[in-house]
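Chemist: Heads up: the sequence lines are chains X and A, in that order.
Following the UniProt record's numbering, the numbering of the first sequence begins with 1 at its first residue and continues without gaps.
Following the UniProt record's numbering, the numbering of the second sequence begins with 1 at its first residue and continues without gaps.
Among the clues, some could well be false.
[As the list claims (entries may be wrong)] Taking lysine-lysine and the PhoX-like style, the derived pairs with C-alpha atoms no more than 25 Å apart in a straight line are:
#1 LYS345/X - LYS494/A
#2 LYS250/A - LYS109/A
#3 LYS193/X - LYS246/A
#4 LYS261/A - LYS29/X
#5 LYS31/A - LYS171/A
#6 LYS246/A - LYS345/X
#7 LYS345/X - LYS425/A
#8 LYS29/X - LYS250/A
#9 LYS419/A - LYS345/X
#10 LYS345/X - LYS250/A
In short, the hints are calculated from the structure, not lab data.
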Amino acid sequence: MTYVAKPKLHHPTLPQNSLCYTRRDYEGKISTLCAGCGHDSISAAIIQACWELAVEPHRIAKLSGIGCSSKTPDYFLGQSHGFNTVHGRMPSVLTGANLANRDLLYLGVSGDGDSASIGIGQFVHAIRRGVNMVYIVENNGVYGLTKGQFSATADQGSTSKRGVVNADSPIDMVGLALQLGATYVGRSFSGDKQQLVPLIKGAIAHRGAAFLDVISPCVAFNNHAGSTKSYEYVRAHNDAVNRLDVIPTREEIAVDYGEGELVEVEQHDGSVLRLRKLDAGYDPRDRIAAMNIVQQRQAQGEVVTGLLYVDAESEDLHAHLSTDARPFNTLGARELSPGAAVLDKINASLR
Amino acid sequence: MAPISAVNDFVVKFANVNGSGSASANELFAKAILRMGVPVSPRNIFPSNIQGLPTWYEVRVNARGWLGRRGGVDLMVAMNPQTWDGDLKEIEPGGYLFYDSTKPLPKSKFRDDVTVLGVPLTDICNRTYSEARQRQLFKNIMYIGALSVLLDIEPAVVETLLAEQYKGKEKLLDANKQAFHLGRDYATEHLAHPLGVRVERADAVGERIFVDGNAAAALGCIYGGATVCAWYPITPSSSVAEAFQKYCMKYRVDAQTGTNKFAIIQAEDEIASIGMVVGAGWNGARAFTATSGPGVSLMTEFIGLAYFAEIPVTIIDVQRGGPSTGMPTRTQQSDVLACAYASHGDTKHVLLFPEDPAECFEFSAAALDLADRLQTPVFVLTDLDIGMNQRLCEPFRWDDAREYDRGKVMTHAELEAGKDFGRYKDVDGDGVPYRTYPGTHPTRGSYFTRGTSRDPYARYSERGPDYIYNMERLLNKFDTARSLVPQPVARAAKQKARCGALYYGSTSPAMAEAIDALEREGVHLDTLRLRAFPFPESVREFIDAHDTVFVVEQNRDAQLRSLVVNEFGIDPARLVPVLHYDGTPITARFIARAISERVRSAGGRAQGNGVGAARVGG
Numbered sequence: 001m002t003y004v005a006k007p008k009l010h011h012p013t014l015p016q017n018s019l020c021y022t023r024r025d026y027e028g029k030i031s032t033l034c035a036g037c038g039h040d041s042i043s044a045a046i047i048q049a050c051w052e053l054a055v056e057p058h059r060i061a062k063l064s065g066i067g068c069s070s071k072t073p074d075y076f077l078g079q080s081h082g083f084n085t086v087h088g089r090m091p092s093v094l095t096g097a098n099l100a101n102r103d104l105l106y107l108g109v110s111g112d113g114d115s116a117s118i119g120i121g122q123f124v125h126a127i128r129r130g131v132n133m134v135y136i137v138e139n140n141g142v143y144g145l146t147k148g149q150f151s152a153t154a155d156q157g158s159t160s161k162r163g164v165v166n167a168d169s170p171i172d173m174v175g176l177a178l179q180l181g182a183t184y185v186g187r188s189f190s191g192d193k194q195q196l197v198p199l200i201k202g203a204i205a206h207r208g209a210a211f212l213d214v215i216s217p218c219v220a221f222n223n224h225a226g227s228t229k230s231y232e233y234v235r236a237h238n239d240a241v242n243r244l245d246v247i248p249t250r251e252e253i254a255v256d257y258g259e260g261e262l263v264e265v266e267q268h269d270g271s272v273l274r275l276r277k278l279d280a281g282y283d284p285r286d287r288i289a290a291m292n293i294v295q296q297r298q299a300q301g302e303v304v305t306g307l308l309y310v311d312a313e314s315e316d317l318h319a320h321l322s323t324d325a326r327p328f329n330t331l332g333a334r335e336l337s338p339g340a341a342v343l344d345k346i347n348a349s350l351r
Numbered sequence: 001m002a003p004i005s006a007v008n009d010f011v012v013k014f015a016n017v018n019g020s021g022s023a024s025a026n027e028l029f030a031k032a033i034l035r036m037g038v039p040v041s042p043r044n045i046f047p048s049n050i051q052g053l054p055t056w057y058e059v060r061v062n063a064r065g066w067l068g069r070r071g072g073v074d075l076m077v078a079m080n081p082q083t084w085d086g087d088l089k090e091i092e093p094g095g096y097l098f099y100d101s102t103k104p105l106p107k108s109k110f111r112d113d114v115t116v117l118g119v120p121l122t123d124i125c126n127r128t129y130s131e132a133r134q135r136q137l138f139k140n141i142m143y144i145g146a147l148s149v150l151l152d153i154e155p156a157v158v159e160t161l162l163a164e165q166y167k168g169k170e171k172l173l174d175a176n177k178q179a180f181h182l183g184r185d186y187a188t189e190h191l192a193h194p195l196g197v198r199v200e201r202a203d204a205v206g207e208r209i210f211v212d213g214n215a216a217a218a219l220g221c222i223y224g225g226a227t228v229c230a231w232y233p234i235t236p237s238s239s240v241a242e243a244f245q246k247y248c249m250k251y252r253v254d255a256q257t258g259t260n261k262f263a264i265i266q267a268e269d270e271i272a273s274i275g276m277v278v279g280a281g282w283n284g285a286r287a288f289t290a291t292s293g294p295g296v297s298l299m300t301e302f303i304g305l306a307y308f309a310e311i312p313v314t315i316i317d318v319q320r321g322g323p324s325t326g327m328p329t330r331t332q333q334s335d336v337l338a339c340a341y342a343s344h345g346d347t348k349h350v351l352l353f354p355e356d357p358a359e360c361f362e363f364s365a366a367a368l369d370l371a372d373r374l375q376t377p378v379f380v381l382t383d384l385d386i387g388m389n390q391r392l393c394e395p396f397r398w399d400d401a402r403e404y405d406r407g408k409v410m411t412h413a414e415l416e417a418g419k420d421f422g423r424y425k426d427v428d429g430d431g432v433p434y435r436t437y438p439g440t441h442p443t444r445g446s447y448f449t450r451g452t453s454r455d456p457y458a459r460y461s462e463r464g465p466d467y468i469y470n471m472e473r474l475l476n477k478f479d480t481a482r483s484l485v486p487q488p489v490a491r492a493a494k495q496k497a498r499c500g501a502l503y504y505g506s507t508s509p510a511m512a513e514a515i516d517a518l519e520r521e522g523v524h525l526d527t528l529r530l531r532a533f534p535f536p537e538s539v540r541e542f543i544d545a546h547d548t549v550f551v552v553e554q555n556r557d558a559q560l561r562s563l564v565v566n567e568f569g570i571d572p573a574r575l576v577p578v579l580h581y582d583g584t585p586i587t588a589r590f591i592a593r594a595i596s597e598r599v600r601s602a603g604g605r606a607q608g609n610g611v612g613a614a615r616v617g618g
């Protein structure tokens, strides 16, 4: 129950980050989702990523639409302002919020029904505008909150819990995001924290539209043999193209990756994305290559995961609009009203 | 039939083909008369089309300052062969017909009771200019030249206007002046002038300005501190956002840094537009959208969210003819109910009704303050008649001492001092809670905004008492709005009147003229111009003080009347609808006739015994 507060007591030995916050300071209310739900693992990964990066919780704005996934922002970052908007419309609200105050970090959480069906238009346009945000789709291929109808990301030929076969072809959110110009695109699996946490950290450090498609099995309606979004299916067909680690600033690089080819990508804020390639020749800075590998592996029945594409030189919507460095919500009449003398001139020009 | 004779009191209508460049020439005509100190009120009558279809520009010249549409045409400038027959019919007996006489027309194409004024415009143009575009454009300036002779418009005034328009483009200026004089020369030489209808210099304009309501609303948003504008193109509101863009480029670029103190997004649809406005409003920026009826329909889910989650939102609705796509380029006041109760569940919204561009400016700025003060959507309900036509109105005013009213926003200092924060808690008894901007304080003041029911501390709750507390508080807040919104404007009849009339928005000029005409007939009415919803108590008192109250509006279903009946629980029989909804602006003649007939049929004494409406439907 979300109105049950968690105890505020912290164990004194809990590790602290550079802000002296423990992981508990990044938690939210107790989840009301089903036990074993993939979404809760994603919430835990968000908490871990924010704690590790030492992001001030109150400087994050978390926004969502409607559905199981969209309930989760209540279950992490309890000190952040959150906005549970209307179905499929989180992207527009996030865009407006971002315009009002460019200094906060915007985390959009959505589901496959929310972003691939009712809200696909808003998803598309927020991505192509380059809104500076982390956009996570918690993708389970099913409508959980209304009890098990197919979503638009359900694979053709997969069956529902009631045995109905899906005849429609699926929408691939990653393919869409790449085509639309997202400047940071990754896919992961809710059950793979080792991969997911660094992907979220990299997305937070990124400037521009960062999109993460996280396959998240629905234990209640989509975790059976005929589903291609079940724990079992994804574990069996997961093909990671790289392993990612995010190092906040260059000075701190001390991690030894051991064997394997390394690619380092420095983002605008100085953070470094270190990728250990599993797939020879895969370079996440090549958008066309990313689109190819996603399609090729999909044709083979595999789910490619990892950081698929990053443009470290990306710009965001504020750069496109040349907006003032000061958040709009701090500007008053002195900064915004042209004044009575100017109005007199305008009046004179209208006679 | 004697030709009509009138000084400073006539109607000229230009029949053109759209896309032919006639708009700026016609505007020049209207402005020249204005500069001679004589009030004019022009109206564009245009199709939903870019090129090739008929378009009209009707200019009423009236020294007494009646700015409503009069009806009837004294001088028709018939430049469109497609609409010739219809245009000819519209001329009042004794009126004048001005046309391009290059191609001879049979006698059957004319009327005996109008004075025909032919100028071979095409012929003169073809002889003077070699380029096709020039031939077309200068034809327009040329007829202005001829008309200036026929109507006694001072040529120096036109030349000054041309000089202002083509400042820095001397070549264009000279070419326009030449065309203007070619028209003048022909008329001087070949036509009897001036006509019976003519202009005489006066001093009836004063300090008033001449501007369209959409530009005025945009400027109101500039002065009112809007920083975020999200919109989707729709007639007749697009020019609000376009004017906002233009003014922003001029007045909102930081002089030092060159950065923009505004963000304008042309969204993918109206749903995204309002979503962005909601997001920006939640995050503490002043934001607005401009739209029309179909856009409001799409926005209703978000409007309900903003009402229930209590987020400031400003919506400028430039009304057009509905329902559905309706008449996109015609005027109506038919979104009143759709806006007042927009969205599912129990909702009520604040509406402002500007009467002219001056109030479009004032109310747009006021809406941004009210939205913050009340933390709710506020509609500025203007319409095509005010929005897309230039109208003579009071100059814009702004007091530099004015600060924006950001409403109840709890600060970092207050949170730090331990002040209790309940996002949906009524602490002042006015129904308006405190809010915080996201990111204010590290550990206090955050909350989860949602469209679901919650307790006063914003915690999710489906408990009946929590829900009722919230819904009652919202009603209380709406009550608070009554005294904050622009109050009605009352005008008492010269003698005690048993009848009254309610009206609002763009009906104003026609209403004023109708009251004047009725008084001369001996029919006396008190009037009350409503400027906002929710209605203050003074509206009920006005109705109570009269036997019969006419409700004059521009829609089929008497929407404002329904709102009055519904909100006050008033006996509908006492409110007589006067409805004009054919898409053209309401006229004084229509109002006066409807009211006069009604009063007379009741034996000189109006009785509230029925709801039979006066209507125009065609």
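Chemist: Each of the hints needs a verdict: does it hold here or not?
Modeler: Hints versus structure:
1. A distance of roughly 39 Å separates the Cα atoms of LYS345/X and LYS494/A; the hinted pair therefore is violated under the 25 Å criterion.
2. With a C-alpha separation of about 51 Å, the suggested pairing of LYS250/A with LYS109/A is violated against the 25 Å cut-off.
3. A threshold of 25 Å between alpha carbons decides the hint, and for LYS193/X with LYS246/A the separation of about 50 Å lies outside it, so the pair is violated.
4. The suggested pairing of LYS261/A with LYS29/X is violated, with an alpha-carbon distance near 38 Å, which exceeds 25 Å.
5. A threshold of 25 Å between alpha carbons decides the hint, and for LYS31/A with LYS171/A the separation of about 22 Å falls inside it, so the pair holds.
6. A threshold of 25 Å between alpha carbons decides the hint, and for LYS246/A with LYS345/X the separation of about 16 Å falls inside it, so the pair holds.
7. A threshold of 25 Å between alpha carbons decides the hint, and for LYS345/X with LYS425/A the separation of about 45 Å lies outside it, so the pair is violated.
8. Between the alpha carbons of LYS29/X and LYS250/A the distance comes to roughly 48 Å, so the proposed pair goes past 25 Å and is violated.
9. For the suggested pair LYS419/A and LYS345/X, the alpha carbons sit about 46 Å apart, so the restraint of at most 25 Å is broken.
10. For the suggested pair LYS345/X and LYS250/A, the alpha carbons sit about 13 Å apart, so the restraint of at most 25 Å is met.
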